[in-house]
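Trainee: This is what each chain is made of:
2 protein chains.
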Amino acid sequence: MRIVEIRERTAPIASSIANAYIDFSKMTLSLVAVVTDVKRDGRTVVGYGFNSNGRYGQGGLIRERFAPRVLEAEPKALLNDAGDNLDPDRIWAALMKNEKPGGHGERSVAVGTIDMAVWDAVAKIAGKPLFRLLAERHRREANPRVFVYAAGGYYYPGKGVEQLRAEMRSYLDRGYTVVKMKIGNSLDEDRPRIEAVLKELDGKARLAVDANGRLSLEEAIGYAKMLRDYPLFWYEEAGDPLDFTLQAALAEFYPGPMATGENLFSHQDARNLLRYGGMRPDRDWLQFDCALSYGLCEYQRTLAALDVAGWSRSRCIPHGGHQMSLNIAAGLGLGGNESYPDLFQPYGGFPDSVRVSDSHIVMPELPGIGFEGKSDLIKVMRELAK
Amino acid sequence: MRIVEIRERTAPIASSIANAYIDFSKMTLSLVAVVTDVKRDGRTVVGYGFNSNGRYGQGGLIRERFAPRVLEAEPKALLNDAGDNLDPDRIWAALMKNEKPGGHGERSVAVGTIDMAVWDAVAKIAGKPLFRLLAERHRREANPRVFVYAAGGYYYPGKGVEQLRAEMRSYLDRGYTVVKMKIGNSLDEDRPRIEAVLKELDGKARLAVDANGRLSLEEAIGYAKMLRDYPLFWYEEAGDPLDFTLQAALAEFYPGPMATGENLFSHQDARNLLRYGGMRPDRDWLQFDCALSYGLCEYQRTLAALDVAGWSRSRCIPHGGHQMSLNIAAGLGLGGNESYPDLFQPYGGFPDSVRVSDSHIVMPELPGIGFEGKSDLIKVMRELAK
Numbered sequence: 000m001r002i003v004e005i006r007e008r009t010a011p012i013a014s015s016i017a018n019a020y021i022d023f024s025k026m027t028l029s030l031v032a033v034v035t036d037v038k039r040d041g042r043t044v045v046g047y048g049f050n051s052n053g054r055y056g057q058g059g060l061i062r063e064r065f066a067p068r069v070l071e072a073e074p075k076a077l078l079n080d081a082g083d084n085l086d087p088d089r090i091w092a093a094l095m096k097n098e099k100p101g102g103h104g105e106r107s108v109a110v111g112t113i114d115m116a117v118w119d120a121v122a123k124i125a126g127k128p129l130f131r132l133l134a135e136r137h138r139r140e141a142n143p144r145v146f147v148y149a150a151g152g153y154y155y156p157g158k159g160v161e162q163l164r165a166e167m168r169s170y171l172d173r174g175y176t177v178v179k180m181k182i183g184n185s186l187d188e189d190r191p192r193i194e195a196v197l198k199e200l201d202g203k204a205r206l207a208v209d210a211n212g213r214l215s216l217e218e219a220i221g222y223a224k225m226l227r228d229y230p231l232f233w234y235e236e237a238g239d240p241l242d243f244t245l246q247a248a249l250a251e252f253y254p255g256p257m258a259t260g261e262n263l264f265s266h267q268d269a270r271n272l273l274r275y276g277g278m279r280p281d282r283d284w285l286q287f288d289c290a291l292s293y294g295l296c297e298y299q300r301t302l303a304a305l306d307v308a309g310w311s312r313s314r315c316i317p318h319g320g321h322q323m324s325l326n327i328a329a330g331l332g333l334g335g336n337e338s339y340p341d342l343f344q345p346y347g348g349f350p351d352s353v354r355v356s357d358s359h360i361v362m363p364e365l366p367g368i369g370f371e372g373k374s375d376l377i378k379v380m381r382e383l384a385k
Numbered sequence: 000m001r002i003v004e005i006r007e008r009t010a011p012i013a014s015s016i017a018n019a020y021i022d023f024s025k026m027t028l029s030l031v032a033v034v035t036d037v038k039r040d041g042r043t044v045v046g047y048g049f050n051s052n053g054r055y056g057q058g059g060l061i062r063e064r065f066a067p068r069v070l071e072a073e074p075k076a077l078l079n080d081a082g083d084n085l086d087p088d089r090i091w092a093a094l095m096k097n098e099k100p101g102g103h104g105e106r107s108v109a110v111g112t113i114d115m116a117v118w119d120a121v122a123k124i125a126g127k128p129l130f131r132l133l134a135e136r137h138r139r140e141a142n143p144r145v146f147v148y149a150a151g152g153y154y155y156p157g158k159g160v161e162q163l164r165a166e167m168r169s170y171l172d173r174g175y176t177v178v179k180m181k182i183g184n185s186l187d188e189d190r191p192r193i194e195a196v197l198k199e200l201d202g203k204a205r206l207a208v209d210a211n212g213r214l215s216l217e218e219a220i221g222y223a224k225m226l227r228d229y230p231l232f233w234y235e236e237a238g239d240p241l242d243f244t245l246q247a248a249l250a251e252f253y254p255g256p257m258a259t260g261e262n263l264f265s266h267q268d269a270r271n272l273l274r275y276g277g278m279r280p281d282r283d284w285l286q287f288d289c290a291l292s293y294g295l296c297e298y299q300r301t302l303a304a305l306d307v308a309g310w311s312r313s314r315c316i317p318h319g320g321h322q323m324s325l326n327i328a329a330g331l332g333l334g335g336n337e338s339y340p341d342l343f344q345p346y347g348g349f350p351d352s353v354r355v356s357d358s359h360i361v362m363p364e365l366p367g368i369g370f371e372g373k374s375d376l377i378k379v380m381r382e383l384a385k
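Residue numbers (numbering that gives the first Met the number 0), protein chains in the order written: chain E, 0 to 385; chain B, 0 to 385.
Among the hints, erroneous ones may be present.
As the list claims (entries may be wrong) - Here are the simulated PhoX-like pairs of lysine-lysine, each with C-alpha atoms no more than 25 Å apart in a straight line:
1. E:K99 with B:K127
2. E:K25 with B:K99
3. B:K96 with E:K25
4. E:K158 with B:K38
5. E:K127 with E:K99
6. B:K158 with B:K38
7. E:K96 with E:K38
8. E:K96 with B:K75
9. B:K96 with E:K158
10. B:K38 with E:K99
11. E:K99 with B:K75
12. E:K96 with B:K158
13. E:K75 with B:K25
14. B:K158 with E:K25
Quick caveat, the hints were computed from the structure, so don't treat them as lab data.
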């Protein structure tokens with residue numbers, strides 16, 4: 000049993016959207032296929048992975064640095080003790096050979112993308128949905144019903160309040176009771192946007208707002224004073240993701256729930272948020288995204304750091320809207336997952352059979368991560384592998 | 000006036016050395032040439048840059064993401080207000096367009112390498128040594144005499160205490176009065192190594208030790224208890240570079256000087272070390288390396304964060320052993336610079352005319368960073384540019 004090949008393709012995820020920080024029109028994504036020599040149901044087992052939005056594809060690093068380390072390793076050294084499956088942690092160790100500590104960016108995406116494909120292969124070889132495999136390994140009960148919320152509300156050139164209301168209305172119509180919109184352009188622009196959306200939601204759904212890390216301390220406090228007038232689901236990523244002092248100071252001005260963490264890419268960075276960010280374990284939310292952060296092997300270390308710090312993993316609702324985090328949520332008891340109903344297709348979203356109801360989905364019982372259940376996605380994936 | 004081309008070549012810096020974390024035999028380096036349309040003394044002005052050791056070359060990121068942004072920008076938008084030179088901050092902003100906050104690794108190396116070449120070009124266009132240009136811009140007096148120490152003392156396969164002593168002796172013979180060796184394999188192995196080196200130095204030089212971030216809190220405390228028996232120059236990077244709580248706890252056990260920071264790659268990360276790492280401004284040392292950390296444009300923001308935190312920039316002795324940091328030290332008043340007398344050639348080290356005396360060098364008056372004064376280095380650089 001061995002990994003025969005690791006393929007990568009960098010694809011645009013072109014979109015006319017803009018958040019408060021970046022223009023998505025030049026954004027790319029790495030799709031990875033980890034091809035094994037294992038057969039299941041007459042088919043070669045191939046694990047698939049991709050990086051979630053917001054960071055760029057990592058074709059160079061994957062092809063030049065990380066994939067070769069796995070392919071050059073002794074195949075037996077990458078198997079579990081029983082020799083009947085790949086061992087994700089041993090593969091992870093091979094990926095990170097000769098890497099220095101610190102500096103967690105870009106390579107964390109390259110490794111996270113490969114790691115997703117490895118876990119997909121491992122669950123397929125085991126013939127189980129990944130969330131069931133994870134629950135077994137951690138001696139937990141899986142819960143296939145997962146909370147999801149609809150992320151959108153981006154600034155588009157020329158997009159007015161009416162279009163924003165219509166967008167939010169469409170999320171309600173599709174079964175969401177928590178929706179999210181971008182903020183951060185200015186208080187004067189954003190207050191009417193927020194009030195219009197709250198009016199549209201009419202108490203049938205809760206609203207989260209996301210500043211994408213662009214606000215200074217003074218601006219973040221200004222927003223906190225405005226936002227605390229409303230009953231928001233959360234106030235997300237006000238300042239620079241590494242400005243833990245800013246985050247801690249905000250709690251003095253904002254009693255409601257806050258959320259952050261999507262731009263922290265290692266368990267060390269996540270731990271620093273818990274140590275220094277003044278986040279409150281009874282109300283705040285942690286959004287670390289394994290696909291950008293060295294994958295599930297590292298995410299398990301992040302969850303261990305939460306335990307040490309006295310945080311429940313139910314406070315985690317990852318960024319990214321991919322099925323990998325859905326599996327982690329269902330298998331390891333996270334609080335839910337982001338979803339982008341209209342964006343980042345075909346990569347984001349759910350298997351075709353899945354419907355959102357009361358902002359929850361139920362995981363289908365598909366081997367692996369579940370990509371085979373999403374027809375537009377698996378088509379693209381199989382093109383890479385064939 | 001414009002940048003005509005940005006060339007990159009990834010080269011091995013193969014070496015049989017190993018520190019406590021990585022094997023250098025597979026390490027690579029990016030060499031960059033920023034070619035302008037400016038002529039000085041009948042020659043096209045080309046700025047050169049490279050990344051220092053410890054992180055990999057970034058050919059993929061430079062060619063696919065960062066160089067194109069500069070070349071696609073409106074050339075006038077990259078000039079200073081007078082239009083008579085390139086503007087490094089405007090070029091930096093073009094490089095970082097559409098990059099999200101956080102995740103400071105790899106891309107910080109790609110940008111740092113290009114930024115070095117840009118500053119080299121800017122000083123050459125101005126016809127001045129970079130350190131003089133920097134001093135002028137910051138309204139400071141340049142000091143061309145810079146403290147340097149000899150970094151070495153690596154673990155090699157089969158290297159015994161006698162070879163280590165001979166190595167350290169050779170640094171003394173070459174004018175150094177501060178030398179550095181690696182530690183971290185084990186207390187039992189390292190105590191005799193340290194005692195042997197101190198005996199060899201015989202009071203004629205001070206010894207710094209470097210654990211390269213590999214120690215757990217418990218191990219780091221164990222080392223602190225052993226090391227405080229000796230009068231060391233510093234105890235460097237005991238634990239993970241992002242484990243600021245470990246660093247702060249160590250001060251309880253180690254009253255002597257400590258040093259860290261080479262694996263923090265942004266001003267935000269550097270600021271977190273000052274905020275949370277318990278570093279003591281009267282004795283500890285900061286080793287941020289601009290070549291790995293988005294370059295001098297970012298390093299100036301790091302120095303501003305030092306000012307806010309009440310730190311003198313004379314506490315900075317950067318990692319990396321390159322002439323860029325020598326210029327920053329001479330121009331902006333840093334405490335000195337690392338050097339590797341026997342390693343990372345031809346990239347590291349000094350212009351041919353420079354001699355070390357009493358662990359200080361005097362900067363020659365060469366336009367730019369000074370690469371043209373180092374014959375083996377400029378030969379490699381000109382090959383890339385021609």
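Trainee: Output the indices of the hints that this structure fails to meet, ascending.
Mentor: 1, 4, 5, 6, 7, 8, 10, 11 and 14
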